[in-house]
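For chain A, the structure is supplied; the task is to place chain B on it using the hints.
Protein chains in written order, with the working numbering: chain A, 272 to 628; chain B, 272 to 628.
One thing to keep in mind: the hints can contain errors.
What the hints assert, rightly or not - Which stretches of chain A does chain B cover? Using the computed rule of at least three CB atoms under 8 angstroms from a CB of chain B, they are:
1) 333-340
2) 343-350
3) 383-391
4) 417-425
Treat the hints as calculated values from the structure; they're not laboratory data.
No residue lacks a Cβ here, since even glycine has one placed at the ideal position from N, Cα and C.
2 protein chains.
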Amino acid sequence: MKDEEQTREGQQQEVPGSVSLRSEFDFIAYIRGRAAQAESPSPSVIAGIGDDAAVIPQNSGNETVITSDLLVEEIDFLRQTTTPKSLGHKSLGISLSDIAAMGARPRWALTSIGVPLEIWNSSFVDEFYEGFLALADKYGVALIGGDVSRTPDKIVIDSIVVGECASNRAVCRSNAKPGDRLFVTGTLGGASSGLRLIERGARLENVGRADDSQLLHELLLRHLAPEPRVGWGLVLGQEQLATAMIDLSDGLSSDLTHLCRESNVGALVYSDRIPVDPSVSELCGRRALDPLMLALHGGEDFELLFTASPSQVAKLPKRVDGIGITEIGEIKSAQEGIRLCEGQRVWDLKPEGWRHF
Amino acid sequence: MKDEEQTREGQQQEVPGSVSLRSEFDFIAYIRGRAAQAESPSPSVIAGIGDDAAVIPQNSGNETVITSDLLVEEIDFLRQTTTPKSLGHKSLGISLSDIAAMGARPRWALTSIGVPLEIWNSSFVDEFYEGFLALADKYGVALIGGDVSRTPDKIVIDSIVVGECASNRAVCRSNAKPGDRLFVTGTLGGASSGLRLIERGARLENVGRADDSQLLHELLLRHLAPEPRVGWGLVLGQEQLATAMIDLSDGLSSDLTHLCRESNVGALVYSDRIPVDPSVSELCGRRALDPLMLALHGGEDFELLFTASPSQVAKLPKRVDGIGITEIGEIKSAQEGIRLCEGQRVWDLKPEGWRHF
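Bound-form chain A, shown alone (with noise of 0.2 angstroms):
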């Protein structure tokens, strides 16, 4: 079980009264623990739970990769509030972040799509999988399977990609050494400001001509159909630049503590060097927000989060398909914790990003 990669839209859904006993993540170092038991330990699964996706070798040189991930209807998405070609596309881009962030290229891709008949009985599915074979195609990723099934009342989405890296060139998130830099592609926080500007009524149909019209528009679309970042996640683990790698979809504080976990080290994070989307400090500073805390928290950005050894960082290409990267901080020892550095100021950084449970 990988740690989810879910994206979601709406608030989270409150029980009263109910508490969740255990994180997901608990659970997923649970199921670890379970599945190493049940079976005796296998040599043939270099990375499997715990990482963006579980790594298959091959006799012949190549390994192959393989993510799922699971989109709910009022969980993940609100129906009222994406469009079904914004979702075709989110779903399948979401599980390609995940091949990114191993480092491979990803080739297949297999969806279980469930819906309730009305759904069935209307455009949607076909507009969805307009949306998800168009960046398929983008990517050369072939649509091979799946299935399909009836819901009695919400759509429910598993999104399944299989890629292929060289042998021993999947880059997990287990090897991150101290002294290593910590990197990250592109810009944050859009995604999570596009979510707060869905929430508070704007719909990508209704961006109308306005001055602010083209920046809403790009944050609408980095909450509704993010961009994964293929070409980056190439170029690091064909060219070996990254020593461990994880994308960006439960927030940078989340994500960095499941890279540190993994790695078992420790982060010192710069905070005036996070790359802020600069349309979020722009539409923040007229909304009340704070640009650093949706950068920091906000979640499905889809953007990688590397760590180089310092030998390799002049080697790092500036810009992958127009993407630039950033050097956020640097990785420490475990003993060190995983912190914010801000001005003069020190804090512990918090995993405050996404959790299912």
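Just chain B now, with coordinates in the frame of chain A:
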């Protein structure tokens, strides 16, 4: 999108005044066309959409086979009439059955599981994985990943299994030839009569010590925790004994139709050769059910339906893992249609098994 391989419990819910405008089989054909359009035809996918599993060739002389199966609460199972452990077994079992139907060896599994908070905070998920991992262990399958998500109220599970076979040994649905003999493993009708018994109030935990309690228990288990024919799949695939194969998930009449459509052939089935589960015959007599109808259309037996060329029939083993096979008919030309021979009469055999839409 492979033809759906769903299991289900309970009656199909009819939405008053609503008619499904297209079947999921039409839809699968449509997506198949769309997927072929969206990219340059890929020589790297041998069997894609429309078979039990998708086949991905490897350079090393092996092929990777992958399947996903969605199980939705209230459509495919009822929380009240199954046990979490059975559900874990079944969710893996139906995917193992797909891999068996490709003649491949199952190796790795991923599960995407979505549950509401109250289920998360119960022992349900632990017991689910207990059943899942016991079956995985039995067949040497490693749980390597997946996803965990919250849902508003229903449980949903997507089971993904990855298998392997030698190059060009995957047994597709599409290679049956007129003159081939038609075989089925094990016995039929058990799972659907188990479902009927559950609908009439029978529960695993209440099966008593009456004369028919052993029969009852077996039939309930055939529905709640079906045993995939992994051994038969391997033998038929590795020794190239089957020309085409499909697992019986929707029901013999429907799955034979899928196989014939993919192979562009017809078939003649002899009703008196259909291996009706003896427990079904015994119990049906007392409960006014027609055993042959259950065996023909009931579905979910997860036996294998396969074709063999006449020259290979003598090489077929009598039993694998204690399970025998029965020759139930033969493949005919497409023009001859799919027919059932019952004594002196020959009927058209219509697909009357399960469909989601």
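Hints, one by one, checked against the model:
Closer than 8 angstroms: that is the beta-carbon criterion, and the segment 333-340 of chain A has 6 residues meeting it against chain B, so the requirement of 3 holds. Proximity of the segment 343-350 of chain A to chain B, defined as three or more residues with a beta carbon under 8 angstroms from a beta carbon of that chain, is established by the 5 residues found. Taking a C-beta to C-beta cut-off of 8 angstroms, the segment 383-391 of chain A contributes 6 residues in contact with chain B, enough for the three needed, and the coverage statement holds. By the rule of at least three residues with a Cβ nearer than 8 angstroms to a Cβ of chain B, the coverage given for the segment 417-425 of chain A holds, with 8 such residues.
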